[in-house]
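S.K.: Using the sequences provided together with the hints, build the complete structure.
Chain by chain, the residues:
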Amino acid sequence: MPFLRCLAAGLLACAGSAHAFCGFYVGKADAGLFNEASQVIMVRDGNRTVISMLNDYKGEPTEFALVVPVPHVLQRSQINVGDRRIFDRIDAFSAPRLAEYHDDDPCSRRELDMMKLRRMAPASMAMEAKAMDRALGVTVEATYTVGEYDIVILSAEQSDGLETWLLQNGYRIPPGASRALQPYIRLDMKFFVAKINLAERAKTGLTYLRPLQFAFESEKFMLPLRLGMINARGPQDLIAFILTKNGRVESTNYRTVKLPANMDVPLFVRSEFNQFYKALFNEQAKREKYRVVFTEYFWDMSWCDPCAADPLAPEELRKAGVFWLNGEDGQGGASKVMLTRLHVRYTRPTFPEDLMFQETADRENFQTRYVLRHPWTGKDDCPQVAAYRESVRKRQQIEAATLAQLTGWELGTVRTKMGLPAHPEAKWWERLWN
Amino acid sequence: MVGTAVELIAARLGLERWRAALPQDARVFQILFLASLLSVGVLTRDFTLRWEQMALTFAAGLMTQVFALHRLGLPNGSYLSAVVTCFGLSILVRADSLWVHPLVAAIAIGSKFVLRVNGKHLYNPANLGVMVALILLPGAWVSPGQWGHDLVAAGWFLMLGSVVTGRARRWDVSWMFLGCFLGMVALRMLVLGQNPWVFVHQLGNGALLLFTFFMISDPMTIPNHRRARLLYAAIVAACAIFWQYGLYRPNALVWALFLCTPLVPLLDRWWPAPKFQWRPATG
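Chains A and B are the protein sequences, given in the same order.
Quick note on numbering: the working numbering labels position 125 of the first sequence as 717, and the sequence is numbered without any gaps.
Quick note on numbering: the working numbering labels position 274 of the second sequence as 279, and the sequence is numbered without any gaps.
No lab work stands behind these hints, which were simulated from the structure alone.
Derived DEER-like restraints, expressed as beta-carbon distance ranges: (1) B:49 - A:792: 52 to 58 Å; (2) B:270 - A:879: 46 to 52 Å; (3) A:752 - B:49: 44 to 50 Å; (4) B:42 - A:760: 51 to 57 Å; (5) A:675 - B:196: 40 to 46 Å; (6) B:122 - A:752: 53 to 59 Å; (7) A:1022 - B:191: 56 to 62 Å; (8) B:159 - A:796: 51 to 57 Å.
Not everything, but these chain B residues come out facing chain A in the computed CB check (under 8 Å): (9) 144; (10) 202; (11) 206; (12) 252.
Sample of chain B residues at the chain A side, in silico, Cβ under 7 Å: (13) 101; (14) 145; (15) 146; (16) 149; (17) 150; (18) 151; (19) 203; (20) 253; (21) 255.
Virtual Cβ for every residue (Gly too), placed ideally from N, Cα, C.
M.R.: Pasting the structure below:
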């Protein structure tokens, strides 16, 4: 079935865009590849925002604490415990992918035409006494139990008071958190604080934590990532899936860069696509000195080419927080959903401010897609074959260099893995003097 | 070193005669050099600007300037400010089509000849062009974060160097604006207890560099009297800070200048002073 779907999408795509190709989808590199990557789904239109946060927490449940600055006190109805599968679905749908093509018989006329075409195509609590709270300058604005989480909405006057309150109430927060909390307190933001309710968790029978979702209205289109850096040693990863109505989302206070993509890579990448993509991302992030936001995917969610996973059904989009489907935003009629997948590898010094975003008018699709081209393996039964074989040889040299350049892998190793001599062929003059 | 070598070679080749034909003002080269640096940077780093868009901006912008000067009977009018406007528009405006850039360039430069108050054009053309793109045109946007720190650092270095060495232009407004804007950013940082790197991070914004030395410094669209200019720069800075940190909206600088521009004729009336005259060479 994937083939049929892909073919149909490919036809649509080929009619609409010169960049689209239909290949066989063969592999993807999903967010699970990056250990400790935080994943966030952000849905935004106007001031309306829905944020879903996936906690890939593996430690003791009693030690779990989540502190998120929010613009105002959230009502119980603004908080929801979502479905983890939605993250898996959006991740799979937008993940970097590998597409594969087979060269046709060079002797057929069609192939000659296709070669011309190809040349033309270019290639995202526990509560303490109230008096004590007042002394610390902390006000418990609301408490809720939602699913397996105990949630407290706090407002605070002093960051050290808030830190003390959190510690006294059994939240394991890293030392020195008050410095990071201070700017949010002074901006009069509230704190959404969650810990795990063990009894409720036992009732769910789940071994993992479900994502927390909250819906609110705010003029700030941002993600507060500074709090996550309090006790971070090395670089951290954040993958943000941003769903909007109109166009691509980019950062307004950091450079947003598309990952190098749509390149031909050697065939052996098929069996080690995960390692390939991890190495590629490491290399590119390092090259940009951990100062940029990478776009991994931007596409209208109603179709894909090639599809790494089936597009999300309207029900799944609604679970992800999309509030404008079926006229739910009061405007009537179904609207588009555009997905921007951003991947950030950040460090404390390189990301001194929270991530601010804007939705642009850009609608040009982008995906991190890498291409495998299988050479034609037939008999030499026409004069074009010699020229074809020569073109394949040249192509493989370029694929080796591309792979080494993208991933930082050593060129000789790449070439050996491809079955090519470890060093490119010597020029005739090099052979002359040796 | 390189400069001396160039001088020697030029002397050997008897190029003085040619040099006489070139603008005498070194700042012309400094401006063009900086604008080229930013443009090349944006072209090579920003995946959304295409060279065709930049070429069309220059073609449409310069043609509008030629047409307007011809109609006004000013055959010796200069093209430098039009070139600077085209650089600014290419650096700031992004679009998913090829028609937005030339249209914006034509409107921006055309506005200099149409939107006039007291013998001065009202809006800085690049600022007006950016706002037309943002407010009126579909498929157009402004990308404020696309420069990268190293490039912007080179830009600050170059621009500060050239400002210190060339005194003729009205840079007071740039200094006043920069001082007020960065002062308020620093004050906010201290009040909120933010990481000091926030300040450095703000300096890495290419839009601030471009705005300070290319937009608000445009002597034709700022008040004539020094006192009025300084007040105006402070008002624009305060407005930009409010836009950015009070309303949390992007593109604060261009919005602030656009909204404050109508104050210029009023300030000119309150504090009358002679209009700025470009020297023939600097257009």
